[in-house]
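Participant: Chain residues, written in single-letter form:
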Amino acid sequence: MTATTTPYSELKAPTAARRLLTAPTTGPLAALLLACAFFSFSTDQFLTGGNFSLIVQQVMVVGTLAIGQTLIILTAGIDLSCGAVMAFGSIVIAKAAAEGSVPPLVAIALGLGVCGGFGLLNGLLVQKIPLPPFIVTLGMLNVAFALTHIYSAEQTVTSLPGPLTALGETFPMGHTDITYGSLVTIALFLLLAYALSSTGWGRHVYALGNSAEAARLNGIRTSRLTIGVYTVAGLLYGVAALLLISRTGVGDPQAGQTDNLDSITAVVLGGTSLFGGRGSVLGTFIGVLIVGVFRNGLQLMGVASIYQTLITGILVILAVTVDQISRKKSR
Amino acid sequence: MSRTTRLSSSLLRAAAVTGVAALTLTACGSGSGSGSSGSGSGSVKVGLITKTDTNPFFVKMKEGAEKAAKENGAELSTAAGKFDGDNAGQVTAIENMVAAGVKGILITPSDSKAIVPAIQKARAKGVLVIALDTPTEPQSAVDALFATDNLKAGELIGEYAKAAMKGKAAKIAALDLAPGVSVGVQRHDGFLKGFGATDKDVVCAQDTGGDQAKGQTAMENCLQKSPGINVVYTINEPAALGAYTALKAKGREKDVLIVSVDGGCTGTQAVKDGKIAATSQQYPLKMAAEGVKAVVTYAKDGTKASGYTDTGVTLITDKAQAGVTSKDTGYGLENCWG
Numbered sequence: 001m002t003a004t005t006t007p008y009s010e011l012k013a014p015t016a017a018r019r020l021l022t023a024p025t026t027g028p029l030a031a032l033l034l035a036c037a038f039f040s041f042s043t044d045q046f047l048t049g050g051n052f053s054l055i056v057q058q059v060m061v062v063g064t065l066a067i068g069q070t071l072i073i074l075t076a077g078i079d080l081s082c083g084a085v086m087a088f089g090s091i092v093i094a095k096a097a098a099e100g101s102v103p104p105l106v107a108i109a110l111g112l113g114v115c116g117g118f119g120l121l122n123g124l125l126v127q128k129i130p131l132p133p134f135i136v137t138l139g140m141l142n143v144a145f146a147l148t149h150i151y152s153a154e155q156t157v158t159s160l161p162g163p164l165t166a167l168g169e170t171f172p173m174g175h176t177d178i179t180y181g182s183l184v185t186i187a188l189f190l191l192l193a194y195a196l197s198s199t200g201w202g203r204h205v206y207a208l209g210n211s212a213e214a215a216r217l218n219g220i221r222t223s224r225l226t227i228g229v230y231t232v233a234g235l236l237y238g239v240a241a242l243l244l245i246s247r248t249g250v251g252d253p254q255a256g257q258t259d260n261l262d263s264i265t266a267v268v269l270g271g272t273s274l275f276g277g278r279g280s281v282l283g284t285f286i287g288v289l290i291v292g293v294f295r296n297g298l299q300l301m302g303v304a305s306i307y308q309t310l311i312t313g314i315l316v317i318l319a320v321t322v323d324q325i326s327r328k329k330s331r
Numbered sequence: 001m002s003r004t005t006r007l008s009s010s011l012l013r014a015a016a017v018t019g020v021a022a023l024t025l026t027a028c029g030s031g032s033g034s035g036s037s038g039s040g041s042g043s044v045k046v047g048l049i050t051k052t053d054t055n056p057f058f059v060k061m062k063e064g065a066e067k068a069a070k071e072n073g074a075e076l077s078t079a080a081g082k083f084d085g086d087n088a089g090q091v092t093a094i095e096n097m098v099a100a101g102v103k104g105i106l107i108t109p110s111d112s113k114a115i116v117p118a119i120q121k122a123r124a125k126g127v128l129v130i131a132l133d134t135p136t137e138p139q140s141a142v143d144a145l146f147a148t149d150n151l152k153a154g155e156l157i158g159e160y161a162k163a164a165m166k167g168k169a170a171k172i173a174a175l176d177l178a179p180g181v182s183v184g185v186q187r188h189d190g191f192l193k194g195f196g197a198t199d200k201d202v203v204c205a206q207d208t209g210g211d212q213a214k215g216q217t218a219m220e221n222c223l224q225k226s227p228g229i230n231v232v233y234t235i236n237e238p239a240a241l242g243a244y245t246a247l248k249a250k251g252r253e254k255d256v257l258i259v260s261v262d263g264g265c266t267g268t269q270a271v272k273d274g275k276i277a278a279t280s281q282q283y284p285l286k287m288a289a290e291g292v293k294a295v296v297t298y299a300k301d302g303t304k305a306s307g308y309t310d311t312g313v314t315l316i317t318d319k320a321q322a323g324v325t326s327k328d329t330g331y332g333l334e335n336c337w338g
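In the order they appear, the protein sequences are chains A and B. Counting with my numbering, you get residues 1 to 331 for the letters of the first sequence. Counting with my numbering, you get residues 1 to 338 for the letters of the second sequence.
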């Protein structure tokens, strides 16, 4: 962003067109619409309401993880533990409700608490010792992964009580069926987008990501802010855990193994800079949809899944390249 | 603070555009329905979902399905999980294939239990679902199962190892798959049954994930623990080759008997080279071909395949033992996969 390096008085008022061109979400949005247009021409089944609600339903778990990941990346951090923490949360919820005969709501609260606790712990280690986020969350990835497998004894938890899978159920809207979980994910995206763009907390998160030292000198309580961001992210992983259970109908100890990288992919595709301070959760929503649309569209075309991996990889490199070029230009 | 206001206004704009686009697309498309039964364009759509894209076993399975699809005028679409155990990836693949209007899905479940709800949803929409290679739990969650009898595959190498030991006292190491995976458990139990042993006779059991490097590490550790090991049961040939490397490093490759299951071409060649004593060969190509045929039949006249079809298993060795039926590596290499 120019404002960080150019004195305020020298800034020209940007035109609407210029603003649209330089907004970090414009590129991702264009990519998403192009992909949609391409798949609409390529297959008969892509352009249907049912298929769109399916795509949103398929991305809700990674999408919710990616909101937390965006918050952390905005502070110039990274979270490799999100998928593993989610998997542990989902096993905690599933086992408590299915085998511990705990009321479903208590089980869910327990899961949210465990995931939030992991987030808090990540935040404390990053802030108080301090350790690099990459290392802290890499360690936590292994801790959560191991705890998941130990606690579940490698067993999938089945026959979950109804309320745990309620978010995976659908209600009809027009010609399509929407899952309640999709609405939860979309609501969380909107809530966090609002919090980031229109509250003091949000401004502080951006400031922290741009320069932690400058933020601190400006009176922002960076320590509390960092720990808070990691904790909020942990709570979001707890919600993702519930969505995961509701989507698959089981507690699965193998879940989430690539979701940390998938969430980072979504954040990057959504135009958020891995160097912090620049980006948005709405961009991440677009990023998540790009991955979902490609996976779904290529499958409808009958293309093997390895090509999805290939294309996603190329898109990620393109997205980071665009980020780097636009950063150079804005300097 | 102009930075924040600019950012938020562009965000709002982006959100608005996304919303409008999504609404437009949804509105345009709402007429054509979900298309789950649409096969008006002639060819039957068949979906194949494997555990991963990279394991040669599944690559061969895909080849078999592609060939059978061509012969039967069907259209094959394939998908896979990102890693062995990726249930969510397989669920997504099922949903997308149902949306694409497939008539039947052939699936090698990564998680026998966790995949069941997604399969039920697909079947409720009239899609024939056949499990290949790995059964679901319960097995009745799918219409039919085309697979190797893994218990029998284990028994064959167990009987072979028993005969080859010629009454010598056995110290057994088991290089297993992973806890709770039915294929691994069945092969392991089958081996012990065929050998006439119990888990108490296994001096060292380690999980390898069917991976060569992990198989080598496991064998090294087992030798450290009990140097007297003289029989090694392995879940598959990569694990067996890992074990062979570890044994060779200790100069023990001649006096330890390695048996395995799978019948991949690399593995069968290793039997020919004398690295592995015997292996139980299975036939992924056949599983897939039979599966595609079953879906085409279902599309034509509504006949659903059902129950369990054993796609066969053959003991492959060049050192045949009296009383144990086997075929040599010539036959093995002609019928191997990968």
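Any given hint might turn out to be false.
Unchecked claim - Only part of the chain B face toward chain A is listed, based on derived beta-carbon distances under 7 angstroms:
{"hint": "1", "residue": "Asn-55"}
{"hint": "2", "residue": "Ser-77"}
{"hint": "3", "residue": "Thr-78"}
{"hint": "4", "residue": "Ala-79"}
{"hint": "5", "residue": "Phe-83"}
{"hint": "6", "residue": "Asn-87"}
{"hint": "7", "residue": "Asp-189"}
{"hint": "8", "residue": "Gly-302"}
{"hint": "9", "residue": "Lys-319"}
{"hint": "10", "residue": "Ala-320"}
{"hint": "11", "residue": "Ala-322"}
{"hint": "12", "residue": "Asp-328"}
{"hint": "13", "residue": "Gly-330"}
{"hint": "14", "residue": "Glu-334"}
To be verified - If you anchor each label on the Cβ, the simulated ranges turn out as follows:
{"hint": "15", "chain 1": "B", "residue 1": "Lys-193", "chain 2": "A", "residue 2": "Thr-158", "range": "27 to 35 angstroms"}
{"hint": "16", "chain 1": "A", "residue 1": "Gln-324", "chain 2": "B", "residue 2": "Thr-303", "range": "56 to 64 angstroms"}
{"hint": "17", "chain 1": "B", "residue 1": "Lys-70", "chain 2": "A", "residue 2": "Ala-146", "range": "44 to 52 angstroms"}
{"hint": "18", "chain 1": "A", "residue 1": "Leu-131", "chain 2": "B", "residue 2": "Lys-327", "range": "56 to 64 angstroms"}
Derived by calculation from the structure, the hints in this document are not laboratory data. Backbone N, C-alpha and C define an ideal beta-carbon position, used for all residues, glycine too.
Participant: Does each hint fit the structure? Answer for all of them.
Facilitator: Taking the hints in turn, this is what the structure says about them:
1. Because the beta carbon of Asn-55(B) sits about 12 angstroms from the nearest beta carbon in chain A, more than 7 angstroms, this interface hint is broken.
2. Among the interface hints, the one on Ser-77(B) holds; its C-beta lies about 4 angstroms from the nearest C-beta in chain A, closer than the 7 angstroms criterion.
3. With its C-beta approaching chain A no nearer than about 5 angstroms, Thr-78(B) sits inside the 7 angstroms limit, and its interface hint holds.
4. The restraint placing Ala-79(B) at the interface with chain A holds, with a minimum CB-CB distance near 5 angstroms, inside the 7 angstroms limit.
5. Annotation: interface hint on Phe-83(B) holds; nearest CB of chain A at approximately 6 angstroms, less than 7 angstroms.
6. For Asn-87(B), the interface hint holds, the least distance from its beta-carbon to any beta-carbon of chain A being 5 angstroms, beneath 7 angstroms.
7. A distance limit of 7 angstroms between C-beta atoms decides the matter here; for Asp-189(B) the minimum to chain A is near 17 angstroms, and the interface restraint is violated.
8. Restraint check, Gly-302(B) versus chain A: the minimum CB separation of about 23 angstroms is more than 7 angstroms; hint violated.
9. A cut of 7 angstroms between beta carbons decides the hint on Lys-319(B): the least distance to chain A is about 37 angstroms, and the hint is violated.
10. The beta carbon of Ala-320(B) comes no nearer than 38 angstroms to any beta carbon in chain A, farther than 7 angstroms, and the hint placing it at the interface is violated.
11. Hint status for Ala-322(B): violated, given a least beta-carbon distance of 41 angstroms to chain A, over 7 angstroms.
12. At about 36 angstroms, the closest approach between the beta carbon of Asp-328(B) and any beta carbon in chain A exceeds 7 angstroms, and the interface hint on this residue is violated.
13. Hint on Gly-330(B) is violated. Least Cβ distance to chain A is approximately 33 angstroms, over the 7 angstroms limit.
14. A hinted interface residue such as Glu-334(B) counts as satisfied when its beta carbon comes closer than 7 angstroms to some beta carbon of chain A; here the least separation is about 28 angstroms, so the hint is violated.
15. Separation of Lys-193(B) from Thr-158(A) is about 28 angstroms and conforms to the stated range, judged on CB atoms against 27 to 35 angstroms.
16. For the pair Gln-324(A) and Thr-303(B), the supplied restraint of 56 to 64 angstroms holds, since their beta-carbon distance comes to about 59 angstroms.
17. Distance hint for Lys-70(B) and Ala-146(A): a CB-CB separation of about 46 angstroms, consistent with the stated range 44 to 52 angstroms.
18. Hint check: Leu-131(A) to Lys-327(B), Cβ distance near 59 angstroms, so the stated range 56 to 64 angstroms holds.
Taken one by one, the earlier hints fail for this structure at numbers 1, 7, 8, 9, 10, 11, 12, 13 and 14, listed in ascending order.
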